[in-house]
Amino acid sequence: MIEVRNLTKQYGSKKAVDNISFTVNDGEILGFLGPNGAGKSTTMNMLTGYISSTSGEALINGINILDEPMKAKKEIGYLPEIPPLYLDMTVKEYLNFVYELKKCSLPRKAHLEDVCGLVKITDVYDRVIRNLSKGYKQRVGLASALIGNPPILILDEPTVGLDPKQIIEIRTLIKKLGKKHTVILSSHILSEIQAVCDRVIIINKGKIAADDTTENLTENITADSRLIMRIDGNREEILKLIKTVPGVISVNGDMEREPGIYDYEIEVKEGCDIRRELFKRIVARNWVILGMKKDEMSLEDIFLKITMGSDVKISVKKSDEKAEKSDIVDEADSAGPEKAEETAEAPAENEETKKEEEE
Amino acid sequence: MGAIFKREMKAYFTSPIAYIFITAFFLYTGNYFVNINMAYGSTDTTYIFTSVFTIMMILIPLMTMRLFSEEKKQRTDQGLLTAPVSLGGIVAGKFFAALCVFLCAISVYIPILVVLHTLAGTLEWATIFGTITALILLGASFISIGIFVSSLTESQIVAAIVSFVIIMFFYMLDLLAGNVSNEFLSSIMKGLAFYTRYTEFASGIFNIGSIVYFLSAIFIFNFLTVRVLEKRRWAD
Chain A
1 MIEVRNLTKQ YGSKKAVDNI SFTVNDGEIL GFLGPNGAGK STTMNMLTGY
51 ISSTSGEALI NGINILDEPM KAKKEIGYLP EIPPLYLDMT VKEYLNFVYE
101 LKKCSLPRKA HLEDVCGLVK ITDVYDRVIR NLSKGYKQRV GLASALIGNP
151 PILILDEPTV GLDPKQIIEI RTLIKKLGKK HTVILSSHIL SEIQAVCDRV
201 IIINKGKIAA DDTTENLTEN ITADSRLIMR IDGNREEILK LIKTVPGVIS
251 VNGDMEREPG IYDYEIEVKE GCDIRRELFK RIVARNWVIL GMKKDEMSLE
301 DIFLKITMGS DVKISVKKSD EKAEKSDIVD EADSAGPEKA EETAEAPAEN
351 EETKKEEEE
Chain B
1001 MGAIFKREMK AYFTSPIAYI FITAFFLYTG NYFVNINMAY GSTDTTYIFT
1051 SVFTIMMILI PLMTMRLFSE EKKQRTDQGL LTAPVSLGGI VAGKFFAALC
1101 VFLCAISVYI PILVVLHTLA GTLEWATIFG TITALILLGA SFISIGIFVS
1151 SLTESQIVAA IVSFVIIMFF YMLDLLAGNV SNEFLSSIMK GLAFYTRYTE
1201 FASGIFNIGS IVYFLSAIFI FNFLTVRVLE KRRWAD
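Chains as they are written, first to last, in my numbering: chain A, 1 to 359; chain B, 1001 to 1236.
No lab work stands behind these hints, which were simulated from the structure alone.
Note that CB positions come from ideal geometry on N, CA and C, so glycine has one too.
Please note: incorrect hints may appear among the correct ones.
What the hints assert, rightly or not - Distance condition first, Cα-Cα at most 30 Å in a straight line; then the derived DSS-like pairs of lysine-lysine: (1) B:1231 - A:102; (2) A:15 - B:1072; (3) B:1190 - A:103; (4) A:71 - B:1010; (5) A:205 - B:1073; (6) A:74 - B:1072; (7) B:1010 - A:74; (8) B:1073 - A:15; (9) A:120 - A:103; (10) B:1072 - A:120; (11) A:102 - B:1006; (12) A:92 - A:109; (13) B:1006 - A:205; (14) B:1010 - A:109; (15) B:1231 - B:1010; (16) B:1072 - A:207; (17) B:1072 - A:103; (18) A:92 - B:1072; (19) B:1010 - A:92; (20) B:1073 - A:120; (21) B:1010 - A:103; (22) A:176 - A:102; (23) B:1006 - A:71; (24) B:1072 - A:71; (25) A:71 - A:175; (26) B:1190 - A:134; (27) A:14 - B:1231; (28) A:102 - B:1190; (29) A:14 - B:1072; (30) A:280 - A:293; (31) B:1006 - A:120; (32) B:1073 - A:71; (33) B:1231 - A:15; (34) B:1231 - A:71; (35) A:92 - B:1006.
To be verified - Some chain A residues near chain B, calculated using beta-carbon distances under 8 Å: (36) 85; (37) 97; (38) 101.
Please take these sequences and the hints and turn them into a complete structure.
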């Protein structure tokens, strides 16, 4: 368990971390999210005893990191942003060095083999670290954090520099580790946090901007619900049909996803679940539903909303992106750009309708 | 400490540093041995022991420059400082590794002394052991200075040059003292000079005060290194 109380780190007049408090329970995977320079790494460095805090305290399994650093550090496996690897050593030498450095008492050979197997570096075990790819270096760093089976793992951007396949592997591994260990993970890859973590803390400018479970965070911020459906059938008639379903506020069907098949964005009154009704009506008309999903705000939207909420420029740019993707609800934007978007879409729709009519 | 000592030893001996250091030492001392002892048939060991001061001044900073500056540059210090090891243990590990390489280098005296002993039949062993003790302590002092400077910078070159300048300064104190008219100041300067203290041993004077002086220098500079590492954590 990690308890952080009023932790502050001041560099000159700048507060890199400003009075943050949180608790991470045993077996929890906590995600640390924040823009660059928000204080993620500084917080992690304070938790691991690399730097001291200006005020406040951090308790690692009840041990204060500043009072009893040796004892507290034994509880932690830390992977810093840049893995602390000695480039002139082989993986084998390095892991043995870490094993001795951490004064491990586990059976050496079996333990090192276990760790290497977990992060899949057995095939480079005898190679010099200097010659390894970034992905392998990252994994060797992760292996060194795992040595000694510390109950707490603190991982600072663990998937940086990995290829997509490796990223998935490492995520799965972290999830697996989260069953036995308490994990704090920082990342700027939002989908990663969403995929791996039970709980998210969003840090902005040294302060905690949000602290909640991933689902709650997503749910709370998405007030209105929106449904996205892909239906094979006559577009005009489908639009008409959907509009007749009680609870539908508006429907938008100008996204041709497959030849002749459109995606329909249906805005629904809050608290209304029209999915069953809609399904029955569509099937009754012999149309085929190819997809249906509730559109939830992604963590990315929440993140941007929390960290840059007032920044109009960014929200405008974001709504442009949304117009392209058009499958994510954008609650973060002010009404202005959204309206502009709607009006811009309207003529386009009309033109399309005309074209179709001509055909 | 053990892990760090082992890793530094490995680093010294898997890279060319230790070999170059030891070879240079052997060549330098061997040269004096051949050209003075062998050429003139002398069993006087004073010269082969005192001449070594110069090459130590140049080579030891080159040997220690890497120890902390490289860690800082490669960010590997983060691994050390977040591991359950004390700062003193980290410094001690590096200090003893460098000292070991230095001991390997001065093992050059073993064959030299064996040869001289067989040729001359007898040697002034008391003086020789006194000198070797002083030599080891002198080397250890230089190493502590080198490690201390290395902990202050990320650049190996800067570490080497600054360590050299500091050691040079302690060496020159002796010469500078001659130009100082104030007797009190001059005596302090002479007291701090490495060279005089060391050469005394070679000429057969075993000065306990000098032993204490070298030990203090080793302790102070290693202590300062620990403080530097500690201070960095508290930086604000």
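Going through the hints against the structure:
1. B:1231 - A:102: 23 Å, holds
2. A:15 - B:1072: Within the cut-off at roughly 24 Å; holds.
3. B:1190 - A:103: Since the Cα atoms of residue 1190 of chain B and residue 103 of chain A sit roughly 46 Å apart, the hinted pair is violated (cutoff 30 Å).
4. A:71 - B:1010: Given pair residue 71 of chain A, residue 1010 of chain B holds - Cα atoms ~28 Å apart, limit 30 Å.
5. A:205 - B:1073: 27 Å, holds
6. A:74 - B:1072: Answer holds: residue 74 of chain A to residue 1072 of chain B is near 22 Å, not above 30 Å.
7. B:1010 - A:74: 25 Å, holds
8. B:1073 - A:15: Given pair residue 1073 of chain B, residue 15 of chain A holds - Cα atoms ~25 Å apart, limit 30 Å.
9. A:120 - A:103: 24 Å, holds
10. B:1072 - A:120: Holds. Residue 1072 of chain B to residue 120 of chain A sits at ~28 Å (cutoff 30 Å).
11. A:102 - B:1006: 14 Å, holds
12. A:92 - A:109: Distance of about 11 Å is within 30 Å: holds.
13. B:1006 - A:205: 42 Å, violated
14. B:1010 - A:109: The hint holds at about 20 Å.
15. B:1231 - B:1010: Given pair residue 1231 of chain B, residue 1010 of chain B holds - Cα atoms ~29 Å apart, limit 30 Å.
16. B:1072 - A:207: 28 Å, holds
17. B:1072 - A:103: 23 Å, holds
18. A:92 - B:1072: 23 Å, holds
19. B:1010 - A:92: Between residue 1010 of chain B and residue 92 of chain A the Cα gap is close to 13 Å, so the pair holds against 30 Å.
20. B:1073 - A:120: Holds, because 28 Å separates the two Cα atoms, which is no more than 30 Å.
21. B:1010 - A:103: Answer holds: residue 1010 of chain B to residue 103 of chain A is near 19 Å, not above 30 Å.
22. A:176 - A:102: 23 Å, holds
23. B:1006 - A:71: 23 Å, holds
24. B:1072 - A:71: 24 Å, holds
25. A:71 - A:175: 26 Å, holds
26. B:1190 - A:134: 55 Å, violated
27. A:14 - B:1231: 19 Å, holds
28. A:102 - B:1190: 46 Å, violated
29. A:14 - B:1072: 23 Å, holds
30. A:280 - A:293: 16 Å, holds
31. B:1006 - A:120: Holds. Residue 1006 of chain B to residue 120 of chain A sits at ~26 Å (cutoff 30 Å).
32. B:1073 - A:71: 27 Å, holds
33. B:1231 - A:15: 19 Å, holds
34. B:1231 - A:71: Within the cut-off at roughly 21 Å; holds.
35. A:92 - B:1006: 14 Å, holds
36. 85: For residue 85 of chain A, the interface hint holds, since the closest Cβ of chain B sits about 7 Å away, which is under 8 Å.
37. 97: 5 Å, holds
38. 101: Holds - the Cβ of residue 101 of chain A comes within 8 Å of chain B, reaching about 4 Å at its closest.
The structure shown violates the earlier hints numbered 3, 13, 26, 28.
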